[in-house]
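There are 2 protein chains.
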Amino acid sequence: MTETAPRPTLEAVAARAGVSRATVSRVVNGADGVREPLVERVRRAVEELGYVPNQAARSLVTRRHDAVAVVVAEPETRVFADPFFALQLRGISKELTAHDNQLVLLLTEGRDDHARVGRYLAGGHVDGALVFSLHLDDPLPGLIQRAGVPTVFGGRPGWSDGTTDVVYVDSDNRGGAREAVRHLAGLGRTRVAHITGPLDQTSAADRLDGYRDVMGDADPGLVVRGDFTPAGGERAMRELLDRCPDVDAVFAANDLTASGALRVLRESGRRVPEEVAVIGFDDMLPVAEQTDPPLTTVRQDIEEMGRLMARLLLGGLGPGDAGAAPTGVVLPTTLVRRTSA
Amino acid sequence: MTETAPRPTLEAVAARAGVSRATVSRVVNGADGVREPLVERVRRAVEELGYVPNQAARSLVTRRHDAVAVVVAEPETRVFADPFFALQLRGISKELTAHDNQLVLLLTEGRDDHARVGRYLAGGHVDGALVFSLHLDDPLPGLIQRAGVPTVFGGRPGWSDGTTDVVYVDSDNRGGAREAVRHLAGLGRTRVAHITGPLDQTSAADRLDGYRDVMGDADPGLVVRGDFTPAGGERAMRELLDRCPDVDAVFAANDLTASGALRVLRESGRRVPEEVAVIGFDDMLPVAEQTDPPLTTVRQDIEEMGRLMARLLLGGLGPGDAGAAPTGVVLPTTLVRRTSA
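Heads up: the sequence lines are chains U and P, in that order. Okay, so the first sequence: first residue is 1 according to UniProt numbering, each after it adds one. Okay, so the second sequence: first residue is 1 according to UniProt numbering, each after it adds one.
Same shape as in the complex, but just chain U:
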């Protein structure tokens, strides 16, 4: 432990400024009703002594911490391996910093730790929470509701039926998927496959719905399960080639999945896009530009999603604003054409 100098107390500030404890407390907590010369004297004493108000005590009065928690319902190892989270965090970090709010990232090893996250959120350490990557059966939403902190979700929560007042930011996953599959159909492809994401996440389920909107009751063998990782994309592509060797197009649920699929196609000697056209989702850079060939993909503005989540939360933290927040904000996607389709 570092040897620490004793922290200057409220009493020390009061003595230095020649005012009462109550006056110091009012100034420090930003309350009205203290005359300007006294405010000035207290401020000078605070500065000279390097006084830091005990925020645990202060927050009992003001109920503000100027801190926002970010919770990613994934193991710590995935948070750092997936550039998606880094991009969202970048947007969040910029927005919170611009409003002098501290970003508090709560990491876990796995689902067993979510109860502890709930306790921290309930513990009066943050003004609100931004929550990502929830799976359908995750206990976290219930824990967060009990914690009673304002929350904005990243991605439409799967348990929400649209009637309860859940605030989230999402991309138009279904519409983006439709556009991708229509583009493949427009190229004359008739055996268009889909490698899904983990279907207990709404982003993956919505992209599958978009595929089905266009393909209708196509051969169900053309839909193979992936998990948003390159390794999952490789596994799924092998299964596809095995099951439907006449496949002539693949819509992959994200760019990492597409990168794995492209590797397997190359190994198996299929030319992309001539024999098999491939489209991803995200427009994650540098991944989407560095695949061989460069990836045609559905772009979503991931950093902007993070920024918008933070903006909605901060906007709703003011008194009386909570009711004004919209329920769901869905950002548009765009098809980015490179070489793979």
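Every clue listed holds true.
A pair holds if it fits inside one copy or across any two, identical chains being indistinguishable in the list.
Subject to a maximum C-alpha distance of 20 Å in a straight line, what follows is the list of computed SDA-like cross-link-like pairs (lysine to any residue):
id, residue 1, residue 2
1, Lys94, Phe80
2, Lys94, Arg111
3, Lys94, Arg116
4, Lys94, Arg78
5, Lys94, Glu74
6, Lys94, Ala115
Keep in mind the hints are simulated off the structure, nothing from the lab.
On the provided structure of chain U, position chain P as indicated by the hints.
Using the frame of chain U, we list chain P on its own:
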């Protein structure tokens, strides 16, 4: 904002259990002196109502939050781009989780935000802090000392003269560098260069000292400044080839730097290791295995450093333990031989 059910209060628990508020408070805060049947009734009421104690209030009594802050004195973008931090966080996360402590990662956009980090640490939200990547003139150590939370540093802090009671975990940077440079000299190399890290960090300064321990007053033109990034390694290697075209060995301050240097050597047609031998530092995987050729490097156990930091902090948080903590723990390094030297 999510519409939240009103949080059950202490009063509601007291009414349900048929006891006084004070009794509920004592049970919830783990105090002694409440008879077992009453404890049982309170616990049942807490469970039935889903009561979550207000930790801001509770922590004023218990002064424990079961949460530890991790502060990386680098912009958020670097934290996610450098695998070094991910590895240390992995070690920390495992250790904290094993002791049911919440990992609270405090992110910043830059040095201007460090005052806000200091306020959060001082605010009674965590029991201690693990602090990384301090630069020599960083205001953070002072802010942390004022915050009065127990702290363990990752890497020897540059401002510590060894006499104050600062706890840190470090690798034997100087000894590891000596071993690397001796290995190069042992191969018969006489024009051994060093690409440094940012010299306002002790890890970089210590590695330069280790190089000088072996090379003595060699041509000072052989020491070029880098910054622990691949781009910095590229720049420095170009400068080196320009200035000392007869260079026959390079000790790079870390593996990322070495990967940049190897790229420039390849471009300029120098064969590695035949014409120029290269050694890195870290044994960062997969970087060190995937360079061309695979990198000989000085291994430090980064994940173990993180685990040990957490262990020292948790060990020192108990009453009366603070004095027992060692001041600095320095882990040994080992030379890992691959192809580049």
